[in-house]
Structure formats: structure tokens, C-alpha cells
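So the chains spell out like this:
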Amino acid sequence: MSYIIDRRLNAKNKSTVNRQRFLRRYRKHIKKAVSEAVSRRSITDMQNGEQISIPTRDISEPIFHHGQGGYQERVLPGNDQFVQGDHIQRPPGGGSGSGSGEGNASDQGEGIDDFVFQITQEEFLDFMFEDLELPNLVKRQLSVNEKFKTRRAGVSNQGSPGQINVVRSLRSANARRIALAGGKRKRLKILESELAELEAADPVLRDHNRIESLLAEIADLRARIQRVPWLDDFDIKYNLQVKYPVPTSKAVMFCIMDVSGSMSQATKDMAKRFFILLYLFLQKNYEKTEVVFIRHHTSAKEVEEEEFFYSRETGGTIVSSALYLMKEILETKYSPSEWNIYAAQASDGDNWNDDSTTCSKLLIDEILPKLQYYSYIEITPRQHQALWEEYETVAGAFPDRFAMEQIVDLGDIYPVFRELFQKKTA
Amino acid sequence: MSAQQPISTSSEWTFELIEEYDREIAKIAKEFGLDTYPNQIEIINSEQMMDAYSSVGMPIGYNHWSYGKQFLNTERSYNRGHMGLAYEIVINSSPCIAYLMEENTMTMQALVIAHACYGHNSFFKGNYLFRAWTDAESIIDYLVFAKNYIAKCEERHGIDAVEQLLDSCHALMNYGVDRYQRPYPISTAEEEFRQKEREEYLQRQVNDLWRTIPKGEHNPQALDAFKFPAEPQENLLYFFEKNAPLLESWQREILRIVRKIAQYFYPQRQTQVMNEGWATFWHYTLLNTLYDRGKLSDGFMLEFLQSHSSVVYQPPYNSRYYSGINPYTLGFNIFSDLRRICENPTEEDREWFPDIAGSNWVETLHFAMRNFKDESFILQYLSPKVMRDLKLFTIIDDNLEDDIIVGAIHDRDGYQKIRESLAGQYNLGNREPNIQVTKVNVRGDRSITLEHNRHNRVPLSESTDEVLKHIHRIWGFDVHLHSTDNGILCESFQCPKNDNNK
Chain A
4 MSYIIDRRLN
14 AKNKSTVNRQ
24 RFLRRYRKHI
34 KKAVSEAVSR
44 RSITDMQNGE
54 QISIPTRDIS
64 EPIFHHGQGG
74 YQERVLPGND
84 QFVQGDHIQR
94 PPGGGSGSGS
104 GEGNASDQGE
114 GIDDFVFQIT
124 QEEFLDFMFE
134 DLELPNLVKR
144 QLSVNEKFKT
154 RRAGVSNQGS
164 PGQINVVRSL
174 RSANARRIAL
184 AGGKRKRLKI
194 LESELAELEA
204 ADPVLRDHNR
214 IESLLAEIAD
224 LRARIQRVPW
234 LDDFDIKYNL
244 QVKYPVPTSK
254 AVMFCIMDVS
264 GSMSQATKDM
274 AKRFFILLYL
284 FLQKNYEKTE
294 VVFIRHHTSA
304 KEVEEEEFFY
314 SRETGGTIVS
324 SALYLMKEIL
334 ETKYSPSEWN
344 IYAAQASDGD
354 NWNDDSTTCS
364 KLLIDEILPK
374 LQYYSYIEIT
384 PRQHQALWEE
394 YETVAGAFPD
404 RFAMEQIVDL
414 GDIYPVFREL
424 FQKKTA
Chain B
-2 MSAQQPISTS
8 SEWTFELIEE
18 YDREIAKIAK
28 EFGLDTYPNQ
38 IEIINSEQMM
48 DAYSSVGMPI
58 GYNHWSYGKQ
68 FLNTERSYNR
78 GHMGLAYEIV
88 INSSPCIAYL
98 MEENTMTMQA
108 LVIAHACYGH
118 NSFFKGNYLF
128 RAWTDAESII
138 DYLVFAKNYI
148 AKCEERHGID
158 AVEQLLDSCH
168 ALMNYGVDRY
178 QRPYPISTAE
188 EEFRQKEREE
198 YLQRQVNDLW
208 RTIPKGEHNP
218 QALDAFKFPA
228 EPQENLLYFF
238 EKNAPLLESW
248 QREILRIVRK
258 IAQYFYPQRQ
268 TQVMNEGWAT
278 FWHYTLLNTL
288 YDRGKLSDGF
298 MLEFLQSHSS
308 VVYQPPYNSR
318 YYSGINPYTL
328 GFNIFSDLRR
338 ICENPTEEDR
348 EWFPDIAGSN
358 WVETLHFAMR
368 NFKDESFILQ
378 YLSPKVMRDL
388 KLFTIIDDNL
398 EDDIIVGAIH
408 DRDGYQKIRE
418 SLAGQYNLGN
428 REPNIQVTKV
438 NVRGDRSITL
448 EHNRHNRVPL
458 SESTDEVLKH
468 IHRIWGFDVH
478 LHSTDNGILC
488 ESFQCPKNDN
498 NK
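The listed protein sequences derive, respectively, from chains A and B.
Using the numbering used here, you'd call the opening residue of the first sequence number 4 and step up by one each time.
Using the numbering used here, you'd call the opening residue of the second sequence number -2 and step up by one each time.
Just so you know, these hints were derived from the structure itself, not from any lab.
It should be emphasised that the depicted structure is a prediction, and the values quoted were computed from it without experimental measurement.
Treat the hints with care, as some may be off.
[Said to hold, decoys possible] Here are the simulated DSSO-like cross-link-like pairs (lysine-lysine), alpha carbons at most 27 Å apart as the crow flies: (1) K246(A) - K150(A); (2) K364(A) - K31(A); (3) K364(A) - K336(A); (4) K149(B) - K17(A); (5) K466(B) - K31(A); (6) K436(B) - K388(B); (7) K17(A) - K414(B); (8) K304(A) - K330(A); (9) K257(B) - K17(A); (10) K149(B) - K122(B); (11) K287(A) - K192(A); (12) K239(B) - K149(B).
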């Protein structure tokens, strides 16, 4: 007797928990692999999953085994050349020999391979931003283009037929009927009892006129009670649904980059990686993230992403132009009470000599008070110049909102990023 | 051969067809006297198959990272096309659960039904080891109990604590087996009740053993003579469960769960060749009989033979695909040859197998299936013809010799030696190092001493130190391991490592 059962629709992710347990146990390895991947990857696939490889010996589950050596006998199939008593040279390298002839040499090579597996995009990002936090608190604000949710808010007299509240409607109809017909019913009762009294009297003594008029009045009352409608338009009650706005958290990120002649394509590429990391991180933390790109040489301009990264211009460098523009945009579009504002600036450190003081002043007086966080990265192998020194005073004034780091090559980006957003334990 | 009236001609399967094939195969299986548990055939998809794979063949398993590792590994090889999934997984339970993959063709489904639902199933029901050691009726119940219990422990004591303990238990899983005692079946509810009882009782016992309050007057000689354990103990997990001084009762219960599951798999580890050989022999015989009766089309047969021959392919020792002797091949060849010996014995067979040459083959095969395990089965039934067919030879790797020496080949002088050597290869006792608990320093530092008896002078591998760490975690005090060869101490391990051991 056999039962045949179709199990194809059953859950298929029975192993999910075990998989999570595995990732949990080897998070150190995975994090290392992730950070390597971040520096290695091209910018566009920063969001994909990743192949992780862990040395097999690190995840082995040890059990008692026989080791090499001693006297070992084995049976092998497919004899093509040997007779009893033949001598076979030990395969080289194995020291005491593998004990299995030529056959196993390749098998044993396999054991040293790394254990390789895939993590998903989401897991990749989780590992990438683990232990990092956005400094300063997250504002949740009502804004113009809100998302709404509806909730019940009692009953009302208007509404769509779909929302009719049957119980409340019938209750109010009942009340109206009692109100309109109550007096008549009382009167009817009195008349009926009087009629009954008259009719109970001796037929000879009956007041026929009175009975006539009573009957007429009773019929009239009955008809009037009848005319009270069972359900009237204004009895109908509707469930009232009100919309209320849901506060969303949103952030805007200003990317400020120097595009003067001194910035090479490689430098810009590094800046872009940094911006993308920051963008992904904001996206993970806020429901809505906007990005404003500001490029500058001697004058600043708000541009689209494409132009930001790829068009070339030359000229000198005036950093304050970008800061002025940022301030302007902030004032017109992004009120600090609604938005979480982040800014990241990338530059190679060149600036007009007397402009740097303007920059630091502008930052300290106008911009930083409105911002959640401002990070400055200087991509240069050279000595710091005036801008860096000025910014150091800014960092002194706003230690929790302003951070600066130097990046020399591609490998620095992720560590610097982690450095900037390291969780600070109070 | 009767005129062909095949059950199906298309390679698509349907539930009706599966039912019909199952009915036909069951009919023939009955004619051949295959006695089986009821079958439960479950159709699953490839993802579910991967899940089943990674839980080492347990339909319900507790959570542990090692199963996750297994899963990631399977998933990766499968997605890259390195590996096809097995056509079936079959679980030793009653009813006997067999998984069929929806991707398979009708032919493969029929093959799997014959192989798993009648081959493996009758083996589970018939073989003496399974009869003695496992309880097909209660295993699912027990696994449910184990899963719930471990989940509860995780809630109460944290995932990490449970995971560490399970790691340690898994390291000793092969040493959690009772070789000489028969466990008996109970239900989940009963199991839970008993668990509570055990918890209290055990803790009392252990406390007694480790009592530190002096007992008053006693003479020191009696103290020296006190030996614990009285006899060496080979079931390490059992010994720790009962005697480890620092374990809490839930930890003891987890040790017990791992031990029970190890016990459940113990017969399977000892009958790999027989089990697969038996199932392969029967899918081959059943489907051929079905074909002879005209129920299968020629196309069906060709597809079937193609997969059958890849299942029983044995790459030679120097092939790059060689990874040991294929248990399907070896078992199938022995059973097939056994049938040949019964039906068409030669002079050689009469000399080697005087009792069975010419006997009723169905009875002979059933007898062999019921009463042996791999080691004894090979020793008894590996015939010269099979050795010639597989071209078996032995090599001797002795570290005292310069070269590897060919010990015996498939000729008249070699048959007996190859037989013994191959049988030895399947003896679990030889395959795993023989390690026993010999001494516990009850009145002193509470250290435990294990002894490894070397077989053919073979030492322990380098993973030993790691395993000792696990033992140390369970035992809680110093662990010593002495590796001896005929009573002569060759090597000592200990954990924690003593820095000044020079």
C-alpha cells in the first residue's frame, strides 16, 4: 500500500534558519570578504550580492581520524598492470605517503579548496554597513508629498454605500420611528381601551355614535403610524474613515566635488565610490533619499549625476562657490526642520589661498548648524594645504558633525568610510 | 516475451501514472517476496530536495550551523551544474518516506520507486541491524521531540551556548553509539515525561559521584584502589552524559539527543554496500521483469539502462574520477553474481560456495540481506568472478617499507586475501580509531584519561587536538589522551595544553 503526496507547495525554505546560523557564526570572515569586495568592485554593481570564500580548515568539524603512517592496506579496482609483489614508488610530497596509490592524489588536493558560497544583495549591504550609524538623530517629519494612512473615526451622515454601518443605521431608524409614532401609539392605546369598554356594555345602552367616531379615529391613527417610513434617508449612517499623514524620514545628500583641472579621472572615481557608499547607507536608513550634485571649479553649478561624474572642465578652484550654492539650495528647498541633511565633499585639497578662510567661516556660521553631518575627504597623496588646515578648525568647532579624512588610494575608501561612521558608544 | 502494452510512452509523469507504476512494481515485488513497510511517496521540487539533502536525511532536524554549511555547499554545486541532485532520498521510518523530484522523467520516477520504495524499504525492514537498532515507527516522533527540546534550550540558555555544546557533541557523534544494547521504542509524550524524570535523577547521581564531603574514617589503600570507570567505556557521549561533573541537566539531555540520532544512523553506516547493492539489484530486476511482461516500452528501457549503468559505473583506480569503491557497483555486482551462482553455477562456484550453488536464488538473497552487515557480507559472498570483473587488487602501504607493495591481485592466490582486506576496509572498528575512557581521577583533579589503541600502528590525525578541546568543553576538567600500540605508549595529547610539558 502506498500513499502518494504532493509536497511541492510546502515551504521550501526549511534551511533558512540553518543558513542564517552559518552566516552568524562566520560573520568575521564574511565581513572581511565584503570589505575587500567593496574596494575591488566597479561602482555600478556595489549593490549586488557577493561570493564569499572561507578557508575550509576554518569551518571544518573535527572528528577523530586515523592519520598517516603505520601499516595500511587498501583494495583498489581496475588493475591494469600489477601482479602480486610489485613495488610502486610512493607519490612524492606526501611524506609518509597517502596510502592509496596514485588514485587519491587529486582528491586530497580538493580538500584544501576554500568553501565558497553566495550571499544576497541585502545581506551584502547589511554586512557592509554593520556597526555603522548615522550620526545625530533621525528626524521624522510631515512633508508635502505625504504618504497617508486611513483610520476609523466614528460615524457620519455622509459616505459611500460601501461604508454603510448597518447597526447604527437601524438604530437611528428605530429611534426616529419611536419619536414620530410614539404619541400616536399612546393615543391609539387609549382609544382602543375606550372602544373595548363601550363594546363591553349592554347592546341596548351602546353609544353607537361614539363607537363610530372612535373607529374612524383609530383607523386614522393606524394609517398615520403606517406612514412613518421604516428607513429614511437621514437614518443611514456611514463609517467615517479619515486620512492622516504618516511621518516619513527623509534625507538629502549633497555631493560636492571639485572638478578643476587638478582632479584626474582616477581621483573622481574614488570620490564617486565614496559618494555611492554614503548614498547606499542613507538609503538603508531613510525611507526617502534625495541627492543634490554640486560641481565646482571657480564657480559652482547644480548638475545631474551623469554630468557630475563625467564631464570635464578646467580652471582654478574656489571651494566657497560650492558652499554658497549649497546654502542657497538649502534655503530654498530643504528646510532643516523637515530634512535630514548630509553633505560629502571630495577634493584634492587645492583652493585659492584666501578662499579657505571664507569656506570655514561659511561652514561654521551658516551651513553646519543646519546639517546632520558633513564629511570631507581629501584625495591626495601630497601634503595638506590651506583648506585642510582651515577645516581642522571647523572640526574643532563641530566635533560631532564634521569629519575629515584623507584618502590616498582605492583601498582606503571603505576603511575611511567605516572610520567616519563608526558607531560611537556613549 | 508477451506483446508490448506499455503503461506509458511519454516521458512526462502524472500522479495517475506514478500510482499505476507503483501498483505494478508492488505486484512483482510481492512475487519476489519483498516485505516492506507501507510507502509514502512525496513529490517535491529541487529546492526542497536541497533542503532534504542538507539535513543529512532527517525529515525534521534541529537547527545548527553545520546544516547551513551543507546547504550552502549543495546550493552552490547545484546552481553551477557541478552536481545533479540525487534522484531520491529515502527515510528509514514507517511508513517509509521516499522523496521524488518533480523534475524527473517518468522513467526516473519508476526507477526511484523500485529502488527506494521496494529496494531500500525492504532492506530497512529486513536487515538484522535495522531491526535491532532503529525503530522505524518512533523515529519521526523522536526527531520532533529533539527539535522542540533544542529550540526550547536555545530560548532559555541562548543560541551560542547550545550551538557550542552541539559542536562538541557532533565531534563525538561517532563515539555515541551503543554497540551491544538494544534501545526500545517510546512515544514523544513518554519521552518528554521521562526526560523530566531523568533530569532530576541524573543530577542526584552525578552529585553523589563527585561528593566532596569527607566520609569519615577510611583507609588510604581502599582509596587508591577505587577505580572509575570500572571497565573502559567506548560510548563516550553516554559516559559524559552520565558522569561529566559540571553539565547541567539540559546539557545532558542534548548529549543524549545527539547520541540517539547517532545510534539511529549507526546501521546505515555499517550497511552502505549492502543497502545500495540490494536496492540497485532490485530496481534492475523489478523493471526488467516488468519489461519482460510487456509493460514497459523500449524507449523507457533505454533511458533506464542508461541511468542504471551510470549508477553502477566504477572508475578505475587511476582515473581522475576515482574516489573510492562505488558501493552501488560493489553491492550490485555481489548480489547479481549471487543470483548467477544459484542459477548457473560453475565449477569454481561449487568450490567456493558449495552450500548455495544451485539453490533457490530468491531465498539465498533474502538470507544474505537479513543476516549480514557490509563486513561480514563481503567476507561471505564476494566471489572470484566479481573480483575479476572489478579487477580488484590490494596495495600495502607500510611506513617501514620504502615502496608501496601490491599485496594481492585478482588471481587464484589473491582471492582470499582481497576478500579479507576489502571486508576489513568496511569494518567500522578498523575505520575509526578505537578510543575509550579508561580513567577518571575522581578524588583528585577530576581529569579524565582516554586511551587510543592503535590498529596496525596507525596514529591519530592532526585533528585530534581540536577534538580534545571539544571533550574538554563537555568534561570541564583536564583531558588526557594516550595513544598506545600494544600497551606501549606512543604519543600523548592533552587539553588544555600544558606549556611546560618538557
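Name the hints, by number, that the structure is in violation of.
2, 6, 7, 10 and 11
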